[in-house]
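Engineer: Each chain, written out:
Protein chains: 6
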Amino acid sequence: MSKLVNAKAVKNMPWEECPKGFEGPIWRYSKNPVIDRHPIEDVSRVFNSALVPFKDEFIGVFRGDNIDDIPHLYVGHSKDGIHFTFEKEMIHFVNEKGEAIPDTNYQYDPRVVPIEDKYYIIWCDDLCGPTISIAITEDFKKFVKMDNPFLPYNRNGVLFPRKFDDRYLMLSRPSDSGHTAFGDIFLSESRDLTYWGRHRVVATRGYEWWCALKIGAGPAPIELDDGWLVFMHGVNRTCSGYIYSIGALILDKDDPSKVLYRCKNFMMTPEMPYETVGFVPNVIFPTCALVDGPTGRIALYYGASDTYVGLAFTTVDKVVDYIKKHAR
Amino acid sequence: MSKLVNAKAVKNMPWEECPKGFEGPIWRYSKNPVIDRHPIEDVSRVFNSALVPFKDEFIGVFRGDNIDDIPHLYVGHSKDGIHFTFEKEMIHFVNEKGEAIPDTNYQYDPRVVPIEDKYYIIWCDDLCGPTISIAITEDFKKFVKMDNPFLPYNRNGVLFPRKFDDRYLMLSRPSDSGHTAFGDIFLSESRDLTYWGRHRVVATRGYEWWCALKIGAGPAPIELDDGWLVFMHGVNRTCSGYIYSIGALILDKDDPSKVLYRCKNFMMTPEMPYETVGFVPNVIFPTCALVDGPTGRIALYYGASDTYVGLAFTTVDKVVDYIKKHAR
Amino acid sequence: MSKLVNAKAVKNMPWEECPKGFEGPIWRYSKNPVIDRHPIEDVSRVFNSALVPFKDEFIGVFRGDNIDDIPHLYVGHSKDGIHFTFEKEMIHFVNEKGEAIPDTNYQYDPRVVPIEDKYYIIWCDDLCGPTISIAITEDFKKFVKMDNPFLPYNRNGVLFPRKFDDRYLMLSRPSDSGHTAFGDIFLSESRDLTYWGRHRVVATRGYEWWCALKIGAGPAPIELDDGWLVFMHGVNRTCSGYIYSIGALILDKDDPSKVLYRCKNFMMTPEMPYETVGFVPNVIFPTCALVDGPTGRIALYYGASDTYVGLAFTTVDKVVDYIKKHAR
Amino acid sequence: MSKLVNAKAVKNMPWEECPKGFEGPIWRYSKNPVIDRHPIEDVSRVFNSALVPFKDEFIGVFRGDNIDDIPHLYVGHSKDGIHFTFEKEMIHFVNEKGEAIPDTNYQYDPRVVPIEDKYYIIWCDDLCGPTISIAITEDFKKFVKMDNPFLPYNRNGVLFPRKFDDRYLMLSRPSDSGHTAFGDIFLSESRDLTYWGRHRVVATRGYEWWCALKIGAGPAPIELDDGWLVFMHGVNRTCSGYIYSIGALILDKDDPSKVLYRCKNFMMTPEMPYETVGFVPNVIFPTCALVDGPTGRIALYYGASDTYVGLAFTTVDKVVDYIKKHAR
Amino acid sequence: MSKLVNAKAVKNMPWEECPKGFEGPIWRYSKNPVIDRHPIEDVSRVFNSALVPFKDEFIGVFRGDNIDDIPHLYVGHSKDGIHFTFEKEMIHFVNEKGEAIPDTNYQYDPRVVPIEDKYYIIWCDDLCGPTISIAITEDFKKFVKMDNPFLPYNRNGVLFPRKFDDRYLMLSRPSDSGHTAFGDIFLSESRDLTYWGRHRVVATRGYEWWCALKIGAGPAPIELDDGWLVFMHGVNRTCSGYIYSIGALILDKDDPSKVLYRCKNFMMTPEMPYETVGFVPNVIFPTCALVDGPTGRIALYYGASDTYVGLAFTTVDKVVDYIKKHAR
Amino acid sequence: MSKLVNAKAVKNMPWEECPKGFEGPIWRYSKNPVIDRHPIEDVSRVFNSALVPFKDEFIGVFRGDNIDDIPHLYVGHSKDGIHFTFEKEMIHFVNEKGEAIPDTNYQYDPRVVPIEDKYYIIWCDDLCGPTISIAITEDFKKFVKMDNPFLPYNRNGVLFPRKFDDRYLMLSRPSDSGHTAFGDIFLSESRDLTYWGRHRVVATRGYEWWCALKIGAGPAPIELDDGWLVFMHGVNRTCSGYIYSIGALILDKDDPSKVLYRCKNFMMTPEMPYETVGFVPNVIFPTCALVDGPTGRIALYYGASDTYVGLAFTTVDKVVDYIKKHAR
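Protein chains in written order, with the numbering used here: chain S, 3 to 330; chain Z, 3 to 330; chain L, 3 to 330; chain Y, 3 to 330; chain C, 3 to 330; chain E, 3 to 330.
Note that these hints are calculated values from the structure, not bench results. Bear in mind that the values here come from a model prediction, so they are computed numbers and not experimental data. Treat the hints with care, since some could be wrong.
In this list, chains with the same sequence are indistinguishable; a pair is considered to hold if it fits within one copy or across any two.
[Stated by the list, open to error] With a straight-line cut-off of 20 Å between C-alpha atoms, the simulated EDC-like cross-links for lysine to aspartate or glutamate are: (1) Lys22 <-> Asp44; (2) Lys147 <-> Asp82; (3) Lys327 <-> Asp44; (4) Lys81 <-> Glu18; (5) Lys320 <-> Glu43; (6) Lys266 <-> Asp105; (7) Lys90 <-> Glu25; (8) Lys326 <-> Asp44; (9) Lys266 <-> Asp141; (10) Lys255 <-> Glu225; (11) Lys266 <-> Asp44; (12) Lys13 <-> Asp119.
Pulled out of the complex, with its shape left as it was, chain S reads as follows (with noise of 0.2 Å):
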């Protein structure tokens, strides 16, 4: 049995237990969605969110759609990772000397990972064109942004939560300008942050029909004694739009541009009102995922038709377990 490696105790993790007779690997928490509509003044809807204990509470940044349909990040505060609190103003970034740069056009679809005692911003910013931007932080005060790492045009960056030897780790999904119709998960390293290169392909596109369209990195990977989880999004189109499931990969532990397993089936798909009727209609995208090291409990918070913050529970013993019974 995989056992989570490097995983702290989360304090008053947010928890319920899987529904009687249900026997899907995921479950959904009762009284979703976390987030509802209009949670910050001038704010629409909030939702591809991330959030990390820090000190005695949740702290975390957010996607929030303003009423000009512009997302920005907002830094958000919870004490249970239920009930959250918005600070009003969005995020302004400093340089590495810290001074003040000016605000880009957007930012969207951020991850947070704590690797040693700071936090690092991955998301989705504007340079001539969507990429990916990464800032550090040690206080949700002052975000430091590193000097345009990512080419456009590129998304889902997720770094992940540990070096490998003096190099950082991020998988990304090259996309295009506009609603991207292809996608797949790609491995970069870098010394420094800034400068990334070694780039690998990790995994494709394809296979079963879920994920025909494109797929995506969720959350920060997992790690295992034996290899890192990564929930993901997969993307399959119909007539009427994209439909956004989650699904999940275990990479290699020490070469994790190799996939052990990939998990044929999607692991949730839309189904609830609040995941099926919104902005975008049909889709769950997964972003952050809380992890209890004593129980292994897994808190995955995920964005629903890009209106909503939902939350749903697992275990790492479920997940991959099901993850390996169901690998193509």
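Chain S is already provided as a structure; the job is to place chains Z, L, Y, C and E on it using the hints.
Structural biologist: Frame of chain S; chains Z, L, Y, C and E shown alone:
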């Protein structure tokens, strides 16, 4: 503060106070939708329609999508602007000599504009492709249609409620023959409603995301002492279709091709079940405003998901104030 | 008045009277959907399926979209046509010699047609692209598959429930390899179910908007004394996707390539929550009709939003009368 | 036999007899192209242009694509209609008061039509998208531009060379904002060249393949005693782009919205090297016809592959005879 | 070494030796094109055509694009396979009872295949969309057309030149209704030329770039002692259109749905002016091969740029050797 | 006047004086193309290639499209820069340890840049989609390839010919996976050629029509005392495909992400038969410049219609003067 000009009292004006704690510029009627599916025999959906005070009641022209999905126009009546009855027979037009003329293949999205003691109907008609037609009525029984005043392809023709010297003014949104993926607002002039010219650009799509794809005028412009208040629709595109929101402009009093204020935010966006689910999900499309002179109250009628008619409220003070505060 | 021909009594025929005041030609079962999400282990959605009376129960072939979104066919049972149980293993076909053959990549949208004492399954199969396959069963345990009777790309094959002299007749809708944006109904003949020819155009898309994009046959044609009643789907396209409604044709008794009556209206269009929200919103797709000879009652099964199975009712008298009254 | 009406003698009329054995209705000038690449400094290509007899020479308005590919209009001169010199400065227009106005972003495909003692220039101009502009000149030095007579999107405006009672008539081809994939010919009326209305469909694309995609009028209509001769372009689409050929219509003398004869064949199609190779291969696009009254000779100028100007010849007798013989 | 089977001597076989130093498997006739523009009155271009030895001459069926761009079929004659004369009237078909039937809207890309003492014409015909028709002639005067043997959409039907037991075999390339962007080769069987079934995939597009978009059979397969030699077209797509090259397959002698050798290279690609410039630039499209039994010489006819007929030469030894050496 | 910096004398520099009366900034070699079709056995076309002075000759890396249309890279030699011989075997790369690595599926559009005593090859390579690779050679026999320095999708990587302090600089044009319909020039930095970051926008498509669709760098930048001269391609789109012309930029000496001058005109556009006819008509694509230090002469090599290599000439004085005069 802007003041209404030329606005009479509206008898039986529909109204509901703003819910406590609600902060937006426009609030929905709590018993929406005011027109549900199947309001007329053999008509599937009524939406994108317009009414005016007329004698002791409200009367209007309504888009009814028949049970073959083809839209025609119907006369409807209401005592209170909330409950409606409809005539069973679609409108048949006569020419300027009063002779019967063949029905065109379809008619949709009517506006009704009173000028002096006549009522002008402007709608999207078929002339070997969609374009704007105009008819005049005095009694909502006989509708006299002008002789092909616009070339295809055009839509969302909206007449100003009074003449400028000897000229009529019309806003419109030149289009193509399909689900047009662009749209800007133009102004045109005429001395006789049949021959049009001196066209001007008024406002173009873009700037903000919520109106990045197209914009078009909604109800007839509302005259203020220092400008014209124009509610409009703005359209954004997702991977699962178009999103229609409601925004607003204030145009120059004497030269309405000039924009004085353009609200950078949408003022209402699809959120309610009858707005997010239906024939075309995520559409709210304003086409009519009743304005009560003494109180400045506005009752805004809008099509919802191409299936229902919704009603929302605001006041001149509130909406103008909001536009000016959030002008770009 | 048209009379049913060759229609037996159906034991335990599902039925519910028309709601008072309802004026349309078809009414929904009040407890819809009759098949909800997850009816089979590891199957996400069952829809677009067909059943027949068989011994003391109903038996049928059901499209089940697995938890990888790929569809396969399953046998299902019901005592009352309303509550269903399913076999856990998908159908595996044998060739005409009774030998096992490899499963194709996907199978979907089955119809089941009894002719004399055998049952013919027609579905969309994979032959280097989607096309129509045919299998014969006598016991719903052994399914003998014909040897590639149709070239790609084709869909919605629907067999007539008796031979014409020595010839089988099949309706189909030639397609392309994707979310085909066109579709007309053709008629084909065969003496042996394997070799097909003498193809004829029966009915083409267009005329009305609700079926402007494509049309295709639904359940097996129902024989009347003066024609064939064919329920069909018709598809319209909006800026947010396709809309599938239900319509009908009456074909010539002796030469069913001739349309006697074509109902210019849809007879049912997506309106209920289970029809307007789901994997593909706004789809109702008829695939099966139970017809009770003595009473003329019809129980019409249809896929709803590619997620559920819905049930609706009518009678031969009512529906034929409606078609003739609203024929184009 | 149809006879020319209102056609004067053309001094120095360009002419070449029909080659022996040639059987088509129009023959090319043997020394084509008459305008080669780079005829003006900093102009890459001249094509789709128009000239008229003026005093002792020919004068005209020419489309010149600059060395940034953007088209502007230039005045050109010729003694013989075969050799040309051009003015170096593009045309700048003045308004009806004679005041200078800003140049629009581009101008292309001009026609020049004399009515009484003035010359009317009609071309495709920029009004927040391409549409038709009109200007009047008496001396080809001062060009007075009408005030936005047409809404976007429109192209290929062609004025009739005389008024009908007090009305001007214009043919045009409503378009979209790109490489429009459709096009039909409409007729519009005006009393003053600025306000236009009473639009009519004249002729639609399709019928034959060579004009299946779009059709548009070419030179000004040529008046006959029993109709109007209109050369037009017709466009077909192949897997490697559009093919522009030359065809013709004869319209009713008194009501030119009626087509008396439509030639079902193209009368010339791209075949020569200067027509099949160039900036846009396989384009011949007629824009000007000189007609010599006494002899009935026609010199037809056409753009070739968006790169050259070609010249072809025919006579009224020959071409009218051909159209009537091959009318659909 | 493969040997020809069932190949007679061809009287007046066209031939030219391979140019010195030329190393490819096929060489062009030095006086190409053998059919230039306008070979028939009112026919603009002849290409994609087929001929056979017949009595003392060659006779064939030719695609002639009329001066409305619509293609029809014409009978043509030649003494030497290089100079041609054509009948002026297009072919009109009769039904199996010998009765006249209406001409379809278009006919194109014919192949002519002798089997025993009859000649089979296979071409792309109109049946509410393009598909394959078949006719039989004995004298090239009366052409008896089968009753709609194929459903739309299909093209490039190529019959095998002898029966397999009691069955005819046909290669075809299922298509869509436009400029189809995909294409694979299928094999179908029939006992009577009207009813077809037992379809098989033979070869699919892709593998190499030159045939990445689509592939289709060219002339009738040439019988060898150990297989069937099939020339084919392969299509690549650039940013300026499709490129059609010539390739080849060798199919299994007894089961020609099996590919023995597939040449990974094109064997000829558009290079000459008459191949790279014309109605559709960069197309060479083989449709006919004359094979001289005693010498093994092959005269390969191909359409060039949808405008001309070109002729190329090779020998069975040379071409089979090349295919085997470059098989994938 | 700008002066060349770091430019050595080129032995046997190819050269031809400007033709009399020619006024443009660049003139073609009178004996173009310098590389015709089939220059290498089994290679169909050589184009978009680069050479450098090397010992007593010129040596380079050439794109050769094989007879399956797939491009690979070949070493070529020339004594005079006009006549070429090629090695028959495509280049096989080794990794940084000198070990053989598998050939990727395709390689194209190489640039060759000398820095100090090594030669850097930059080309478009396959990494699960097209992107930029880099290799180093000292002898044009052993080519050491960096470990995946760029993510897909990217093209037209062009290295600066010297380091800036300790950093290499690269221009590139991020793309999508097909015939990319957009393209802007970015600048990236690296300390080691493998890890890249600090990306900047340099110049964007648009402004003028000739480069409205995309722009990309051509040969390595040429160092001047006051800037960097960069020849580029600019692309326009017609209804029959893309048009590639040649333009130029002058970048800031110290911060080449800044554009000092951008020539608003193209400097050469497809006009000659070898440029307007070929595999992709209307393409001229500059990839290499030889610069003779003492004289300032430039020999500019460009791919022509994806089929040939053309050669053109200018001088530093002439071209810089032209750019500055026509800067936007």
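Engineer: Look at each hint and say if it fits the structure.
Structural biologist: Evaluation of the provided hints:
no.: 1; hint: Lys22 <-> Asp44; result: between (40 Å within a copy, 17 Å between copies)
no.: 2; hint: Lys147 <-> Asp82; result: neither (29 Å within a copy, 51 Å between copies)
no.: 3; hint: Lys327 <-> Asp44; result: between (46 Å within a copy, 13 Å between copies)
no.: 4; hint: Lys81 <-> Glu18; result: within (16 Å within a copy, 38 Å between copies)
no.: 5; hint: Lys320 <-> Glu43; result: between (39 Å within a copy, 17 Å between copies)
no.: 6; hint: Lys266 <-> Asp105; result: between (41 Å within a copy, 17 Å between copies)
no.: 7; hint: Lys90 <-> Glu25; result: between (41 Å within a copy, 15 Å between copies)
no.: 8; hint: Lys326 <-> Asp44; result: between (45 Å within a copy, 15 Å between copies)
no.: 9; hint: Lys266 <-> Asp141; result: neither (40 Å within a copy, 32 Å between copies)
no.: 10; hint: Lys255 <-> Glu225; result: within (8 Å within a copy, 47 Å between copies)
no.: 11; hint: Lys266 <-> Asp44; result: between (41 Å within a copy, 12 Å between copies)
no.: 12; hint: Lys13 <-> Asp119; result: within (17 Å within a copy, 60 Å between copies)
In terms of the numbered hints stated before, the structure departs from hints 2, 9, listed from lowest to highest.
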